[in-house]
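Which chain is which? The protein sequence lines are A and L, in order.
Residue 145 in the numbering used here sits at position 145 of the first sequence, and the numbers go up by one each step.
Residue 178 in the numbering used here sits at position 178 of the second sequence, and the numbers go up by one each step.
Heads up, a few of these hints could be off.
Within a straight-line C-alpha distance of at most 25 angstroms, the following computed DMTMM-like cross-link-like pairs (lysine to aspartate or glutamate) qualify [unchecked claim]:
#1 A:Lys157 / A:Glu74
#2 A:Lys61 / A:Asp45
#3 L:Lys448 / A:Glu88
#4 L:Lys448 / A:Glu138
#5 L:Lys244 / A:Glu13
#6 A:Lys157 / L:Glu488
#7 L:Lys324 / A:Glu13
#8 L:Lys244 / L:Glu488
These aren't lab readings, by the way, just hints derived from the structure by calculation.
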Amino acid sequence: MATGRPSTVYLWELAWILPSIALPVGMLAALAVTAFGAGINVAGDRGRVEPTKVAEHPLFKDPGVSEIAPGQYEVRMTGQIWSFAPAEIRVPAGSTVHFWATSKDLVHGLFVPRHNVNVMLLPGQIAHAQARFDTPGEYPIICHEYCGIAHHTMAGKIIVEARR
Amino acid sequence: MTSVEQRLAAVNVAVALVALFGGVLTGLFQALEYAGVEIYPSLAPVIRSHYHSLTIHGVLNVLVFTTFFICGFVPFILSRSLQAPLASARLGWLTFWLMVAGLVLAAIPLVGNAATVMFTFYPPLKAHWAFYIGLTLVVVATWLVTVNLVLTWRAWRARNPGRRTPLAAFMALVTFAMWTIASVGLAAEMLVLLIPWSLGLVGGTDALLARTLFWFTGHPIVYFWLLPAYLSWYTLVPRQAGGKLFSDPMARTSFILFLILSTPIGIHHQYTDPGIHQGWKLLHALLTFAVFFPSLLTFFNVTASLETAGRARGATGWLNWFGKLPWGDPSVAAQVLAMVLFAFGGIGGLINASFNVNMVVHNTAYIVGHLHLTVGTAVALTFMGITYWLVPHLAGRALWSRGLALAQVWLWFGGMLIFSPTLHELGLRGMPRRTAIGHVSYMQPQWKTLLPLVGIGGAILFLSALLYFLNMALTVTASRRAPQPALEFADTVSGPVHAPAFVDRWQPWLAVAIVLIVVAYGPTIIRLAATTPLTTPGLRVW
Chain A
1 MATGRPSTVY
11 LWELAWILPS
21 IALPVGMLAA
31 LAVTAFGAGI
41 NVAGDRGRVE
51 PTKVAEHPLF
61 KDPGVSEIAP
71 GQYEVRMTGQ
81 IWSFAPAEIR
91 VPAGSTVHFW
101 ATSKDLVHGL
111 FVPRHNVNVM
121 LLPGQIAHAQ
131 ARFDTPGEYP
141 IICHEYCGIA
151 HHTMAGKIIV
161 EARR
Chain L
1 MTSVEQRLAA
11 VNVAVALVAL
21 FGGVLTGLFQ
31 ALEYAGVEIY
41 PSLAPVIRSH
51 YHSLTIHGVL
61 NVLVFTTFFI
71 CGFVPFILSR
81 SLQAPLASAR
91 LGWLTFWLMV
101 AGLVLAAIPL
111 VGNAATVMFT
121 FYPPLKAHWA
131 FYIGLTLVVV
141 ATWLVTVNLV
151 LTWRAWRARN
161 PGRRTPLAAF
171 MALVTFAMWT
181 IASVGLAAEM
191 LVLLIPWSLG
201 LVGGTDALLA
211 RTLFWFTGHP
221 IVYFWLLPAY
231 LSWYTLVPRQ
241 AGGKLFSDPM
251 ARTSFILFLI
261 LSTPIGIHHQ
271 YTDPGIHQGW
281 KLLHALLTFA
291 VFFPSLLTFF
301 NVTASLETAG
311 RARGATGWLN
321 WFGKLPWGDP
331 SVAAQVLAMV
341 LFAFGGIGGL
351 INASFNVNMV
361 VHNTAYIVGH
371 LHLTVGTAVA
381 LTFMGITYWL
391 VPHLAGRALW
401 SRGLALAQVW
411 LWFGGMLIFS
421 PTLHELGLRG
431 MPRRTAIGHV
441 SYMQPQWKTL
451 LPLVGIGGAI
461 LFLSALLYFL
471 NMALTVTASR
481 RAPQPALEFA
491 DTVSGPVHAP
501 AFVDRWQPWL
511 AVAIVLIVVA
521 YGPTIIRLAA
531 TTPLTTPGLR
541 VW
């Protein structure tokens with residue numbers, strides 16, 4: 001076999017294959033640096049909550065915002081058609097916000113653009129995300145999963161207040 | 001006289017194109033809604049809402065158009081490549097009618113606004129049971145296509161001992177082997193979770209388990225759409241353009257890698273799902289990067305093949321071979337332009353697959369921009385390009401207008417150059433997907449300036465589609481009768497004799513594919529199935 005194969009074919013193939021391996025390997029390395037070095041991580045497994053008994057769960061029986069340490073705020077949040085509870089969150093600039101959230105009915109999304117808060121709210125699962133808000137202003141919290149006829153009205157906001 | 005394979009291809013492609021028409025029409029509605037046009041009040045009571053329209057758009061385009069086209073085109077190609085009739089014409093017709101029955105069953109609630117759950121149908125959104133049973137019938141019927149292809153190939157091999165399987169037939173078999181393995185997840189989701197639940201036999205369901213089974217199939221389904229396009233790029237386009245396939249061994253290798261790597265990567269669609277540990281997500285990210293490798297091989301091989309065509313047509317410089325391609329042939333022009341946009345779709349796909357970077361783009365308009373480059377152009381424009389020779393071939397008539405076809409192809413390319421980058425940018429600016437953007441309660445000023453471009457791009461794409469359907473309709477009804485040349489596959493610069501024989505052995509590759517799936521998915525699916533109570537009630541809120 002292999003009679004009459006133009007010898008340049010191998011060279012061209014090899015010249016393409018080697019960088020084609022190097023490129024994804026390099027990207028994977030970059031990704032590992034950001035995940036393990038800089039600690040930017042996606043949602044993980046934070047346990048279940050019985051979807052029909054969300055209001056009985058200690059995290060979700062009283063949705064709201066609490067300061068758990070200086071500059072550290074915990075948000076206990078539920079998503080339901082078609083609102084977030086709480087719908088408005090106020091924190092001072094420079095705060096780190098820890099979101100604990102779930103859904104009381106359908107699949108919803110918890111999305112704060114440009115702040116690494118992008119997590120699905122699935123009935124039955126506890127979702128967690130955290131982000132730091134340095135610049136005063138108003139940031140939308142958007143449900144970014146289709147959840148029925150009024151999906152486009154499901155939103156909240158984070159108001160970051162300047163420190164006095 | 002037309003053969004059974006031709007008639008089967010014709011009926012499948014006919015259904016596919018009817019679905020595509022519904023798909024692009026509803027697509028126009030969404031694009032106009034984004035641009036602020038109050039379109040839906042005038043469409044009532046046929047189209048009840050943006051979400052009704054959007055669900056029809058997704059289901060018709062990515063589930064119906066693609067599946068029927070592929071189930072028509074790929075068996076036809078296998079039969080021509082082996083120069084053998086399909087093993088069972090009767091099975092072929094049974095398959096087609098099963099698929100049609102499934103389609104009708106699913107279409108009734110879909111059109112009647114009883115299944116406005118998007119093409120991903122995530123529970124606890126609960127559609128009418130007929131929607132789930134109909135789609136399941138279509139999926140199961142595609143397995144019968146696999147059976148027919150394998151029987152045809154085995155009969156050919158018995159008559160041709162020791163002969164190398166021709167490349168086009170090999171690719172056809174890989175496509176359906178990969179799909180059959182991959183579609184098990186969707187079948188399980190339907191049969192175990194959604195169908196009993198929608199029929200009221202069980203009281204509840206679970207969102208995460210359903211999503212995990214869905215994406216088991218939901219990522220490889222994009223390879224089910226893409227591989228037939230690749231089949232055309234590898235085995236037909238080089239000859240249509242006047243050149244040769246550069247490397248048959250490299251082409252076979254890339255398809256084997258697609259067979260192995262297409263499925264164990266689906267959790268990259270669930271990076272933002274709670275309830276799955278980051279370690280599994282990272283493994284799926286790694287394997288997704290691995291499947292980028294055969295995509296790069298394809299990019300190189302297909303481009304090198306086009307270069308042989310340009311050089312055969314007189315090009316001498318480094319890059320002018322591209323301009324020397326037969327741009328007057330709408331089938332070639334469509335497919336080369338599809339390849340050009342797919343390069344950007346591939347790069348965007350890598351960004352989506354990049355684990356934590358996904359948090360920037362997940363469920364934003366960026367994904368919509370990405371999907372319209374991949375399935376909306378690489379696949380759809382390639383399939384349109386294929387029909388520019390296939391439909392005349394099947395109808396025994398000349399293409400009605402080559403000029404109209406060329407205009408259509410460039411309009412699609414141009415429309416997509418406006419539509420897709422705009423949606424990518426809107427996604428980066430935080431705009432969610434699958435949302436009636438014209439009516440959101442949280443409109444952002446940085447979105448508003450770009451939204452008219454979505455409407456303009458979408459309108460150009462719709463105009464392109466209208467020209468396409470006009471040309472197709474006139475080709476089969478009014479064009480002059482002309483016998484079309486027999487289908488010919490591309491010769492090669494480096495042929496199958498240069499590929500090691502083990503590449504064509506099925507058992508080891510199928511075994512590796514299944515082992516990888518078990519490793520990547522087994523623990524997560526077993527854990528979820530064993531520990532998840534099915535207690536989430538369904539809702540119909542549209």
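Hints not upheld, ascending by number: 6
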